[in-house]
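Quick note: the first sequence uses the working numbering, first residue 1, plus one each step.
Warning: the hint list may mix true and false statements.
So the derived label-pair ranges between C-beta atoms look like this [unchecked claim]: (1) ARG348 <-> ALA196: 26 to 32 Å; (2) GLY373 <-> GLY129: 21 to 27 Å; (3) PRO370 <-> GLY22: 33 to 39 Å.
Don't read these hints as lab results, they were simulated from the structure.
The structure displayed is predicted, hence computed values, not measured ones.
Ideal placement from N, C-alpha and C gives every residue a C-beta, glycine not left out.
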Amino acid sequence: MHDIRTIRDNPAAFDAALSRRGLEPQSSSILAIDEARRAKILAAETAQAEANKAAKEVGAAKGRGDDAEFERLRALVGEKKAEIARLNDEAKAEDARLTDLLMGLPNLPHDDIPDGADENDNVEIHQHGAIPNFAFDPVEHFEIAGVKDGMDFETAAKLSGSRFVLLSGSVARLHRALAQFMLDMHTEEHGLTETATPVLVREEMMYGTGQLPKFGEDSYQTTNGWWLIPTAEVTLTNIVNGLTLEESYLPRRYVAHTLCFRSEAGSAGRDTSGMLRQHQFEKVEMVSIVRPEDSAAEHQRMTECAQNILEKLGLTYRTVVLCTGDLGAGMRKTHDIEVWLPGQNAYREISSVSLAGDYQARRMNARYKPAEGGKPQFVNTLNGSGVAIGRCLIAVLENGQQEDGSVDLPTALHPYLRGKTRITPAGELE
RNA sequence: GGAUCGGUGGCCGAGUGGUCGAAGGCGCACGCCUGGAAAGUGUGUAGGCGGGAGACCGUCUCCAGGGUUCGAAUCCCUGUCGAUCCGCCA
């Protein structure tokens, strides 16, 4: 959702920003609708003002006992009614046209992100760790001897179908340990507020964060209308839906560990082996609610929170800033953090940290009252994974694998495994 | 699932047909009081949209949508959300 006044003030800048997304100029048609809309509003309100004035005088006429005037005014108000209704309908129609148009357009990309067509044009901005050298050919996570028994895709397929997994034993334990580790890091070292949220939400919330109306195909809905969240961004961000906050309340920084559900409708055939892409997975998600002037710094801060998790786990990663062609519709700037997976011999996305500006805040009507007074302003929202647990599990397993099929586990996780340090080739924790 | 009661400003809460954008309180802002603070005290304090250079003016908003009426926060209908009790259940 865009601010019509910003477009009015500087249509050229608006078109220039959209053109970076490969879109045709929109401002002239937007402004034409806006002008028509304002003319209709003015007409409707003028008619309404006349009717209101007459209605007010009706009572006075009655009080004076001026029956002739009373009847005349009554008739006048009655006549105006139809005209007002018609003008109002026309004004509403123009307003709806404008809203639909503004809602349907993607967010404006941030000035400092690169132009580009697709993911190949993303730009690396940070890299940590060396590409590990193995004295043997590293395998994918599900091929590691010590992992095979604890990562059961066949039983999961029986239970639920493809793109599900049943974890058991030491793998399930490691999976749980990762979630605990991440939450502790974020709450105790990064200052985020731990939150446990619903995973079923009202449709309205999916509009608030922008999953709807365009991307309903990607998510699941229950028979009675709830949506299963594709990410805790939905619940955490919508905490401030409809609120007017005191400025002193900001910044607000949340973290939650939740299940996430995605239909993966558009990714048939991609990443079908292993647990890289599942219909149901767990993720630790961070969301910040900040003043607009703080959003760029907050974006960097959140990126570092996610990076810190990977560093503590001894993983190699790189951070890229998405180019205009790869940027999500609702976002102004996104950092993807990609972890090195030896089994795939590639970097794969493990976290995505995004700055939405006021795009979501406008949809949610989430504002704050400036401390120095003045009109309420829209907040800025940011979200980022900190990080995807299933993918992190993959990374830990593939990077820790040994030639004998065992897995050495990162020191940071040892306390969460009651001192256990490795998975044996037979799949035992020891 | 059954029954009942509700939805009013940033928050709480009065208000059952016009004088209501709406008492009172909280919160917040500024002032007084104070050595300084607390307490006390005074004043102010909704949002959206439109017009206007501006002062300011108009219009809408008491969950949403319809209806009754010259006139609706108030009456009627529908929807929606919430609470409580009962039943069922982890």
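Structure-based check of each hint:
Separation of ARG348 from ALA196 is about 28 Å and conforms to the stated range, judged on CB atoms against 26 to 32 Å. Against the hinted window of 21 to 27 Å, the Cβ-Cβ separation of GLY373 and GLY129 comes to about 49 Å, which falls outside the hint. For PRO370 and GLY22, the hinted distance range of 33 to 39 Å is satisfied, since their beta carbons lie about 36 Å from each other.
Going through the hint list in order, the structure does not satisfy hint 2, though it satisfies all others.
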